[in-house]
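The chain contents come next:
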Amino acid sequence: MSSTAAVAAHGAHAEHHELGFMRTYVFSTDHKMIARQFLFMALIMMAIGGLMAMLMRWELAFPETAVPGFHWMPEPYMYDGAIPPNTYNSMFTMHATIMIFFVVMPILVGCFGNFLIPLMIGARDMAYPILNMLSFWIGAVAGVIMTASFFVPGGPAAAGWTSYAPLSAVPIYTGVDWGQDLWCISIIILGVSSLMGAINYITTIINMRTKGMTFFRLPLVIWSLFITAILLLLALPVLTTALALLLFDRLGGTHFFLPSGGGEPLLWQHLFWFFGHPEVYIMILPGMGIASDIIAVFSRKPIFGYRAMAYAMIAIAGLSWIVWGHHMFQSGMDPALGTSFMLTTMVIGVPSAIKTFNWLGTLYKGNIHYTAPMMNALAFVSMFVIGGLSGIWMACTPVDMYIHDTYFIVAHIHYVLFGGSLFAVFGAVEYWFPKMFGRMMNETMGKIHFWITFVAFNCTFFPMHILGMGGHMRRIYNPLQYDFLKPLQGMNIFISISAFVLGAAQFIFLANIIWSLLKGEKATENPWQANTLEWTTPIHPGHGNWPGPVPVVYRGPYEYSSPEVAEDYLPQSRLIEHATAAAD
Amino acid sequence: MLEYLWFPHDISTFGPRVDFLFLLIFWIVMIVWIAVMVTMVIFMIRYRTKPGRKAEYIEGNSRLELVWTTVTAAILVMLAFMSRSTWADIKEHAPPGDVFYAVNAKQFNWEMTYPGPDGKLGTKDDLTLENEMHVPVHKVVRLDLTSKDVIHSFFVPNMRLKQDAVPGRVIPVWFEATETGQYEIPCAELCGFGHSGMKGNLTVQSEEDFNKWLQDQYAQSK
Numbered sequence: 015m016s017s018t019a020a021v022a023a024h025g026a027h028a029e030h031h032e033l034g035f036m037r038t039y040v041f042s043t044d045h046k047m048i049a050r051q052f053l054f055m056a057l058i059m060m061a062i063g064g065l066m067a068m069l070m071r072w073e074l075a076f077p078e079t080a081v082p083g084f085h086w087m088p089e090p091y092m093y094d095g096a097i098p099p100n101t102y103n104s105m106f107t108m109h110a111t112i113m114i115f116f117v118v119m120p121i122l123v124g125c126f127g128n129f130l131i132p133l134m135i136g137a138r139d140m141a142y143p144i145l146n147m148l149s150f151w152i153g154a155v156a157g158v159i160m161t162a163s164f165f166v167p168g169g170p171a172a173a174g175w176t177s178y179a180p181l182s183a184v185p186i187y188t189g190v191d192w193g194q195d196l197w198c199i200s201i202i203i204l205g206v207s208s209l210m211g212a213i214n215y216i217t218t219i220i221n222m223r224t225k226g227m228t229f230f231r232l233p234l235v236i237w238s239l240f241i242t243a244i245l246l247l248l249a250l251p252v253l254t255t256a257l258a259l260l261l262f263d264r265l266g267g268t269h270f271f272l273p274s275g276g277g278e279p280l281l282w283q284h285l286f287w288f289f290g291h292p293e294v295y296i297m298i299l300p301g302m303g304i305a306s307d308i309i310a311v312f313s314r315k316p317i318f319g320y321r322a323m324a325y326a327m328i329a330i331a332g333l334s335w336i337v338w339g340h341h342m343f344q345s346g347m348d349p350a351l352g353t354s355f356m357l358t359t360m361v362i363g364v365p366s367a368i369k370t371f372n373w374l375g376t377l378y379k380g381n382i383h384y385t386a387p388m389m390n391a392l393a394f395v396s397m398f399v400i401g402g403l404s405g406i407w408m409a410c411t412p413v414d415m416y417i418h419d420t421y422f423i424v425a426h427i428h429y430v431l432f433g434g435s436l437f438a439v440f441g442a443v444e445y446w447f448p449k450m451f452g453r454m455m456n457e458t459m460g461k462i463h464f465w466i467t468f469v470a471f472n473c474t475f476f477p478m479h480i481l482g483m484g485g486h487m488r489r490i491y492n493p494l495q496y497d498f499l500k501p502l503q504g505m506n507i508f509i510s511i512s513a514f515v516l517g518a519a520q521f522i523f524l525a526n527i528i529w530s531l532l533k534g535e536k537a538t539e540n541p542w543q544a545n546t547l548e549w550t551t552p553i554h555p556g557h558g559n560w561p562g563p564v565p566v567v568y569r570g571p572y573e574y575s576s577p578e579v580a581e582d583y584l585p586q587s588r589l590i591e592h593a594t595a596a597a598d
Numbered sequence: 008m009l010e011y012l013w014f015p016h017d018i019s020t021f022g023p024r025v026d027f028l029f030l031l032i033f034w035i036v037m038i039v040w041i042a043v044m045v046t047m048v049i050f051m052i053r054y055r056t057k058p059g060r061k062a063e064y065i066e067g068n069s070r071l072e073l074v075w076t077t078v079t080a081a082i083l084v085m086l087a088f089m090s091r092s093t094w095a096d097i098k099e100h101a102p103p104g105d106v107f108y109a110v111n112a113k114q115f116n117w118e119m120t121y122p123g124p125d126g127k128l129g130t131k132d133d134l135t136l137e138n139e140m141h142v143p144v145h146k147v148v149r150l151d152l153t154s155k156d157v158i159h160s161f162f163v164p165n166m167r168l169k170q171d172a173v174p175g176r177v178i179p180v181w182f183e184a185t186e187t188g189q190y191e192i193p194c195a196e197l198c199g200f201g202h203s204g205m206k207g208n209l210t211v212q213s214e215e216d217f218n219k220w221l222q223d224q225y226a227q228s229k
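Protein chains in written order, with the working numbering: chain A, 15 to 598; chain B, 8 to 229.
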């Protein structure tokens, strides 16, 4: 659909009657409402995933003792409040699955993808609004199925979020029957939802940009979502296929992954990580885009090396397809192949470094405003640096031999996914809250939340590097069973206490959202004095985003402190006489 | 240095090479991290908002970007090449072994089979023990690693040694211990509800003690 046709279609649509409650808030086809739905679904799931993490940390700090307040849990899930090994396995499996598939992806891609793409490229809605609505509701069904697996006989899946076959393929190996099937089914359904979203995003960004919005005038967050959508489109079918094969093995008597019938256990790992590594970038690329936008706005400077930033993301996405083997160095894969994966993995550090240096370059000679979103974006950068640098140890095959499957890996993934993606999420929610809900979030609460989270996060995950160096295996539920881990137990207790503080701090964030929704200061049209198009719509943009014509774009998104104007910002849609020629 | 980083005491011949690479990366990472963080904090303090000041309009600097791209790439590729020979020696070129074991992992035990003086498996003098492995010091020990059910991972922290045991595959592993003592062999790959307690014991002893232990075991098994 051309953008003019879309405008005409929506113009006609707006003349219709007012939409009812169901069509406005439940089965909405408005991208902004769907974005809010994704946000609230993800926040609910975050509470469940976070609770799992808290229980795990209790178990690791005080192994085989009763969790306070959990005596009511029935056997065999808990024994008088004490967590048995199988429940522990279920908890880390569900923690990771929920956080990855139902929190980080829905917020970064589902919520902010939906919310920002039409508003920032100057489109009235997504290319396929009904597909968009279906994408949310199918995702919600997947979430219900995943949550339901807590209540089936045998409990939820317990084979890790990676679900390595044959452990996941034969029910007696884990003692979990239905739970694992529901896990597979839920993620297959979620894959359908994500594919719908990905198709929608790609089509919208390619076809529905407003006049003057060339690819190299797109804000970096749109670039990142565009690349993410392409990764989703290509990676998810691989996972879906693998999950279908796993279900056949579980329910249909096939032996794709079972050596007893000629199958190959490593096939699962190859399929899983061929999806799984791009998936890591699906979760971090939108964060990079969000951080870039927030840092430019609050430094009041253009992004340093805009094109290099876009090319670096393209390079990361391209390389992400040829590095999956670095998850399998110790799997029994041919060691010579391991060497080639080591080389590609090292090379992927280069675009990541380019991005980091360019963020620093953006701060240089800026006029930095320390708002809550900016603090979260800067935390994103510094935490991503730690997460990226610790990746070098894993890329190095001989060193990986020692630290593979230890807490070093747990530290690394949390620096990238919590320190990275989640700080970007906090920043993004605070930054775009006025656009989403018409009210500002409370800055003081935002800053208190930021500082407690930042300190507690580092106290939780930094010492995990040390546990890993001490040889602490991941996914064990009682470290005291090993003599060589006993000296590290004090650190486990410290980590758990920090983790409880970290968990508790999230209630401040939640409280801030609820308080600001009800009582927050009313937002002005462009509260951050930003350049991008989403701030040119009314405070409560209706269906169709702009009441009048869609703005025309005359320049790139980061013209902050431009010498052309007296103010320190220059919106993309503002016409300056001599700039007209450049737009055409 | 590594004892300050909580590493378990190393007792294998290739351990120092692994530790060297760990430390090399450690120093590179520390230098980069401190440089980046110091720069960031300086910028954050120096360029904090001041009323009336406007930020400088800088769009980029191609030469600077070229420099940091090339330097990063050079360091990382160098690391990959430096790691290559260690990796090859540990995983690809197993030396001929003095002592041989077949290790069969299962939920949730390590089954260690010593083939006996004839060096062949499946003969009368085989010695199979659960979770007990004795090896002589300063001898190359070769293991053929496999699994009966799910994927396990043979991990000896003190040896810096880790290798998954995959059902349907026999994967060769080797090590040479440099010190006698008792060590633990945890399972590093999630293998089910007993994963946490899947622990083998490795006893490294002098060749005399090892032979004596073997004779005792044969005597007991008869």
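Note that these hints are calculated values from the structure, not bench results. Model, not experiment: these values are computed from the prediction. Mixed in with the good hints, there may be bad ones.
[Unchecked claim] With a straight-line cut-off of 30 Å between C-alpha atoms, the simulated BS3-like cross-links for lysine-lysine are:
| # | chain 1 | residue 1 | chain 2 | residue 2 |
| --- | --- | --- | --- | --- |
| 1 | A | K500 | B | K127 |
| 2 | A | K536 | B | K155 |
| 3 | B | K206 | A | K500 |
| 4 | B | K131 | B | K155 |
Going through the hints against the structure:
1. Between K500 (chain A) and K127 (chain B), the direct Cα distance comes to roughly 39 Å. Violation of the 30 Å bound is thereby established for this hinted pair.
2. A threshold of 30 Å between alpha carbons decides the hint, and for K536 (chain A) with K155 (chain B) the separation of about 65 Å lies outside it, so the pair is violated.
3. A distance of roughly 15 Å separates the Cα atoms of K206 (chain B) and K500 (chain A); the hinted pair therefore holds under the 30 Å criterion.
4. With a C-alpha separation of about 22 Å, the suggested pairing of K131 (chain B) with K155 (chain B) holds against the 30 Å cut-off.
Checked against the numbered hints above, the structure violates hints 1 and 2; every other hint is satisfied.
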